[in-house]
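Colleague: Chain by chain, the residues run as shown.
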Amino acid sequence: MPESPPRPMIRLTGLTKHYPGQAEPAVDHLDLEVPEGEIVVFVGPSGCGKTTTMKLVNRLIEPTSGRIEIDGRDVTGVDPDRLRRGIGYAIQQTGLFPHRTVADNIATVPRLLGWGRERIAARVDELLAKVGLDPQTYRDRHPGRLSGGQQQRVGVARALAADPPVLLMDEPFGAIDPLTREALQEEFLRLQRDIRKTIVFVTHDIDEAVKMGDRIAIFGECGRVLQYDTPARILGEPAEGFVADFIGNGTNVRRLSLTRLCEVEVSDDRPVVVRGSGDGGCPTAPGSFALLVDRDRRPLGWAEPGQDRPLPLISHLGPEHTLHDALDAMLANNSDTVVVTDQDGRYRGTVEMATIQTHLHRVGGPGNEGGPVRGGERADRSIGTS
Amino acid sequence: MGFWEFTADTYPEVLGATAEHVVLVLQGLAAALIVAVPVAALTYRSRLPRGAALGIAGIVLTIPSYALFGLLIAPLGLGTAPAVVALTLYALLPIMRNTVVGLRSVDPAVVEAGRGMGLSRGQILRTIELPLAWPVIITGLRVATQILLGIAAIAAAVNGPGLGNLILEGLSSAGTPFAVYLTLQGTLGIVVLAVLFDLCFAVLARFTTSRGIRA
Ligand SMILES: Nc1ncnc2c1ncn2[C@@H]1O[C@H](COP(=O)(O)OP(=O)(O)OP(=O)(O)O)[C@@H](O)[C@H]1O
Ligand SMILES: [Mg+2]
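First to last, the protein sequences are chains A and B.
Residues are numbered in the working numbering as their position in the first sequence, beginning at 1, plus a constant of 115.
Residues are numbered in the working numbering as their position in the second sequence, beginning at 1, plus a constant of 1.
So that you can see chain B by itself, here it is in the shape it has in the complex (with noise of 0.2 Å):
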């Protein structure tokens, strides 16, 4: 059997991760925007706060995923949990750093002119700084989905969701005919969702980015 055939036989499974795969990662990119926007427009103005930030997300990165997962196993147990927060920790970096970048790059005289008009410094944020940063920000969203396609496949290994369980399988199983077929799709799979939500951000970057700051 070859491994279209073995996949034709299977594709339920597999269409199955994939689906939980993207959950999986949706719900760490969207944890990590909700707390690594505010963090980062609270602290990019000022340097001390800002470096402390940027600083402790850069430090999550250089844990070894693994090494992650497990951790989080203590406080979290097992299964979809401990996957999530870890995904959330890895995409706080390349968000926030992208959101500081963006935030800081808004020219002086254009929050100049809003406070000017008596615009408040919420209002400030939210209606001139964050639509202009928005461009930056989604390249970092981007980014951050990148590296978590990848590290979302070690979720398995904490009983999490997703493609990783198939290349977890196969290495489980590895020496019968099937091992290879195994973690070649959790890896197709992956290649394929990568392609696909850089797609996706493309189309995102382009509808929701003003015309008057398209490039």
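With the rest of the complex left out, here is chain A (with noise of 0.2 Å):
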């Protein structure tokens, strides 16, 4: 099937917000278009206009002059309240209820829609289901007894809850630890493949936005974007000099991380051996390892000639990981090979620090048209670059 180029669901034309009594406008003249089913961040430093033109797309905050469109509609025409029960909205201190439970929070607007109890009561255990939390233990919590990372769970399950085509997410997962905040971000990203929403993405975090945008809005002074973009076009070639800036160092271990370890071409030039099948598959050179694998080709560890005992293997990454966490599995173990595994878990081949120099040289540095973003998906045109 040809690619043909995303329908932009969110439309800014020339929008400006200028708030009362402030010298520089917080919005100055924005175009920018989001297309449908992808996630655009905008990112930059604070007080750079990042929340406000969320807030202008829902109409929490009205638009000095300018144009919101949404799915082609201008929304200055709809009513706010109307309007904002079909656009998602999680935002970085939750704003949970709290005197209402986790199932009361996740029904606010299918109740306001007037869904019925049942399909309420089955949506709300839907929706904790994919955002990682056992409906039978958490539906009838309150947000009190939540930790921050659960709360942020339970926000986004909120957001999601009426089915809204559009999302408006203001640092969803700020404020929680990084390695809670890593998985968050991993398990909205696999719910993001299933559900294909539009979605806005709020962040001040640059690693942040390049993991999570299909493309990223670079804010800077004033509510200008200074480039509008992939992933993968910014770090290869940030423009002007503040964004250059922005991006700040080590572009080049930060692009690892827009490749899945599923995009790369694995080297399987490896000895293996099936456990439990006899001698047959030792390796030959002495000093060599061979990868043992059980009888479903999952790895076990490193067997070494002359040794009964395989040694262990440290880690193996999947498809979902990146070239990012590949490397960083090397340098944690002291290695320059790392395992990699089917979706299944079984022995898939090796990526070596080798693979990972050619990868960078190959996507390149500025000057280099594109590269692979993630999801095996590129994005052809720069739209909207205000």
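One should not assume that every hint holds.
Said to hold, decoys possible - In silico negatives: residues of chain A with every beta carbon more than 12 Å from chain B:
no., residue
1, Asp249
2, Pro250
3, Ile362
4, Ala447
Stated by the list, open to error - Reference listing, derived: stretches of chain B covered by chain A, where coverage requires no fewer than 3 residues with Cβ under 8 Å from a Cβ of chain A:
no., segment
5, 105-116
6, 128-135
Said to hold, decoys possible - Quick list of simulated restraints, FRET-style, between CB atoms:
no., chain 1, residue 1, chain 2, residue 2, range
7, B, Ala203, A, Glu336, 52 to 60 Å
8, A, Glu241, B, Ala216, 30 to 38 Å
9, B, Leu189, A, Glu233, 52 to 60 Å
10, B, Glu14, A, Asp196, 25 to 33 Å
11, B, Ala216, A, Asp459, 44 to 52 Å
12, A, Asp196, B, Arg46, 16 to 24 Å
13, B, Leu62, A, Gln300, 52 to 60 Å
14, B, Leu62, A, Ala244, 53 to 61 Å
15, B, Asp108, A, Glu241, 26 to 34 Å
16, B, Ser47, A, Asp292, 49 to 57 Å
17, B, Leu72, A, Gly162, 50 to 58 Å
18, A, Asp459, B, Gly123, 51 to 59 Å
19, B, Ala203, A, Asp186, 47 to 55 Å
20, A, Ala244, B, Arg46, 37 to 45 Å
Hints were generated in silico from the structure; no laboratory data involved.
Idealized CB from N, CA, C, for every residue including glycine.
Assembly of the complex is requested from the two constituent chains, each provided in isolation within its own frame, with the hints serving as guidance.
Modeller: Here it is, written out as structure tokens:
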């Protein structure tokens, strides 16, 4: 199927917001299109108008001038409450209703829309499961008895409750520890692959932007978008001085996190021994190792000739891990090889340090067009760059 | 005849006066609640109206109670009406102030999330802000009740109902052996009511506050 350019779901034209009493506008003549089914990340320093822009979309803030269209319709003609019921909204502070149970919190918009009891109950359980919370355990809890990460999961579930096509998320994974945050990001990306929502995602963390975004809009002073492009191109060819400064050092390492192992060619020239199959496959050359796998080809450890016990396998990576994870694993294991499995956990091959070097070289630095984008998709055009 | 014998003889009157006292206080509370909560809800967001509302309610509280009951005779005549109105006025400040404090202490992020999901202003007030402010509001009601139980005794001075009548009777029969007993009956009645009301409010607060925000 030929890939047609995705249709814009949100279109901002000449959007300006000037708060009364402020010298500078918070958002200044912004033009931006968010393609259907994509995550567009607004990133930039504090006070650059990211939140303001996002709130203009669901009219929590009214614009001074400019147009906002969602799905081809000008939102200024729609009753704001009606409009908002059709747009998912999740914020960093979560804003969960503390006097309501998790289930009641998630049911907020479906109730406003007049869904039936049973449909709501089923939806609540479905969503809790989707965001990784056991419905039995959590549906009747109050938010005060959840951890910060769990609250943010519920916040995301609540935003998704009525299955809105558009989602606005303002630092939804902020204010939690880095590990939980990474887990939430991973889970959300997995979820998004199923639900394909059009998402505006605000963060001030460039790493999060690179990880989450199909496209990134880098905001500078006064709500101006300095660059609007795919993560690969923003890292490869950052515009102007400010963007380059904002992205900072380490763009090469960051670029590694754009490539998933399922997109990488693995080498399979390591000898493999199936456990219990006798000595047949043992490596011939002394000092070299063979990978020991079970009958289902799941990796177990490294077998060394002349040794009875295999060396333990410290870590192996699945198809959803990135080259960044691979490099990290190599450094952690003090090795130049990492074992890669397919989604069923079967041995697929290894990634070597040299693979990473070649990859970086091939995708290249400045001047190189594009590069693999997460999920194997390629965003071939830059739209609405302001 | 001792105090307890006297009371054993007159308990129907004491009970009657106590019941009247309770009804009188409840009327004042209910009326004040009906006025104070909407006024608080309308004004808590902006400084000027909020200051004006609380200021007026505060001034009312400084009017000596005898004077206020007396002043109300002119427009309302004698009896229950001026008593209820006076009590309502006295209860306004504690209820209004606590409602304002309660509403202002609601986390702005919670309100913003509600707005962002398409709840209307009214829905947010009814289903989010007031339930969250409720523990503070009910504390205001408790304070108001304690104030009203005492002040309601003055209703007797305008021919109103309640335990004040026993006290007034005692005062007017000063010098007779029963004067002290009557006054004591009225006073003890109020003290007992104060304790009982406070207990009731503690129970009410517990059962009407969401488990999620109970301290
Ligand atoms: N309600 C308001 N009234 C007046 N000025 C405001 C208001 N909200 C935001 N601003 C100003 O508008 C500018 C943009 O604010 P905004 O909240 O959009 O920034 P942001 O990019 O989301 O920042 P952060 O990363 O800190 O959340 C800031 O200078 C801020 O001071
Ligand atoms: Mg912000």
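Colleague: Please flag the earlier hints that this structure goes against, numbers listed from lowest up.
Modeller: 10, 16
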